[in-house]
Amino acid sequence: ILDLSKVEAGELKLEYTAVSPQSLFNEIQIIFGQKIKDKGLKLFIDIPPELPSALLLDETRLRQILINLIGNAVKFTETGHIKLSVKALRPEDIDHSLLDFIFSVEDTGKGVPKDQQESIFGVFSQVKGQKASKYGGTGLGLAITRRLIEMMDGEITVQSKVGNGSTFNILLRDVEIASVETQKSQQQKKIDY
Numbered sequence: 004i005l006d007l008s009k010v011e012a013g014e015l016k017l018e019y020t021a022v023s024p025q026s027l028f029n030e031i032q033i034i035f036g037q038k039i040k041d042k043g044l045k046l047f048i049d050i051p052p053e054l055p056s057a058l059l060l061d062e063t064r065l066r067q068i069l070i071n072l073i074g075n076a077v078k079f080t081e082t083g084h085i086k087l088s089v090k091a092l093r094p095e096d097i098d099h100s101l102l103d104f105i106f107s108v109e110d111t112g113k114g115v116p117k118d119q120q121e122s123i124f125g126v127f128s129q130v131k132g133q134k135a136s137k138y139g140g141t142g143l144g145l146a147i148t149r150r151l152i153e154m155m156d157g158e159i160t161v162q163s164k165v166g167n168g169s170t171f172n173i174l175l176r177d178v179e180i181a182s183v184e185t186q187k188s189q190q191q192k193k194i195d196y
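First residue of the sequence shown: 4, per our numbering; consecutive thereafter.
Just so you know, these hints were derived from the structure itself, not from any lab.
Honestly, I wouldn't trust all of these hints.
[What the hints assert, rightly or not] With a straight-line Cα cutoff of 27 Å, these simulated DSS-like cross-link-like pairs (lysine-lysine) come out:
#1 K42 <-> K86
#2 K117 <-> K164
#3 K78 <-> K90
#4 K113 <-> K86
#5 K42 <-> K16
#6 K38 <-> K86
#7 K86 <-> K117
#8 K16 <-> K164
#9 K78 <-> K117
#10 K38 <-> K16
#11 K113 <-> K16
#12 K16 <-> K117
[What the hints assert, rightly or not] Here are the simulated distance ranges between beta carbons:
#13 E153 <-> G43: 19 to 27 Å
#14 D177 <-> K38: 33 to 41 Å
#15 G166 <-> K38: 34 to 42 Å
#16 S122 <-> E81: 20 to 28 Å
#17 P52 <-> E30: 31 to 39 Å
#18 E18 <-> H84: 28 to 36 Å
#19 D103 <-> Q67: 14 to 22 Å
#20 G83 <-> I33: 20 to 28 Å
#21 R66 <-> T160: 27 to 35 Å
#22 E81 <-> I48: 15 to 23 Å
#23 G166 <-> S100: 42 to 50 Å
Note that beta-carbon positions come from the ideal geometry of N, C-alpha and C, so glycine has one too.
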């Protein structure tokens with residue numbers, strides 16, 4: 004609620020640093036690994052080898068987005084898999100230090116009815132008929148996720164079919180590729196516990 008209030012009041016500021024997407028995705032795998040295993044699901048992470056080793060992003064907010072999306076996928080999937088896919092597209096007509104960072108979270112869960120696919124991004128909104136006793140939640144995760152993505156000059160869309168799962172697609176436009184020097188300086192600031 005505090006995050007949402009800050010976003011709506013224009014008080015939430017993004018902090019861009021050199022972020023290793025691979026490290027962040029590995030962290031997500033660790034966070035959800037046991038829960039996914041306990042449910043008998045499989046987690047696939049598809050990262051292309053040509054993805055730059057560091058991008059200028061707000062690591063905290065990107066982590067929050069991924070936790071919301073993967074958390075929902077785990078919550079609403081009883082059998083099958085969850086897949087995180089990543090792509091980096093470099094449009095021909097722009098600076099080669101920028102790219103479009105695209106990632107998607109796919110699941111084989113219960114899916115979202117077509118007439119509710121836009122409303123699930125609303126504040127305190129959930130799929131109609133969803134049992135609070137089974138799934139819990141506040142209906143804020145996707146609302147915050149969409150607002151954070153829009154703050155990063157991006158967009159989120161969903162494709163879903165009831166009984167066949169959902170795919171959330173995220174596009175972050177004109178993401179700057181971090182230089183090797185920036186990445187090294189960020190790594191030096193981290194404390195080796």
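What are the numbers of the hints that this structure violates, sorted from low to high? 5, 8, 10, 11, 12, 13, 15, 17 and 21
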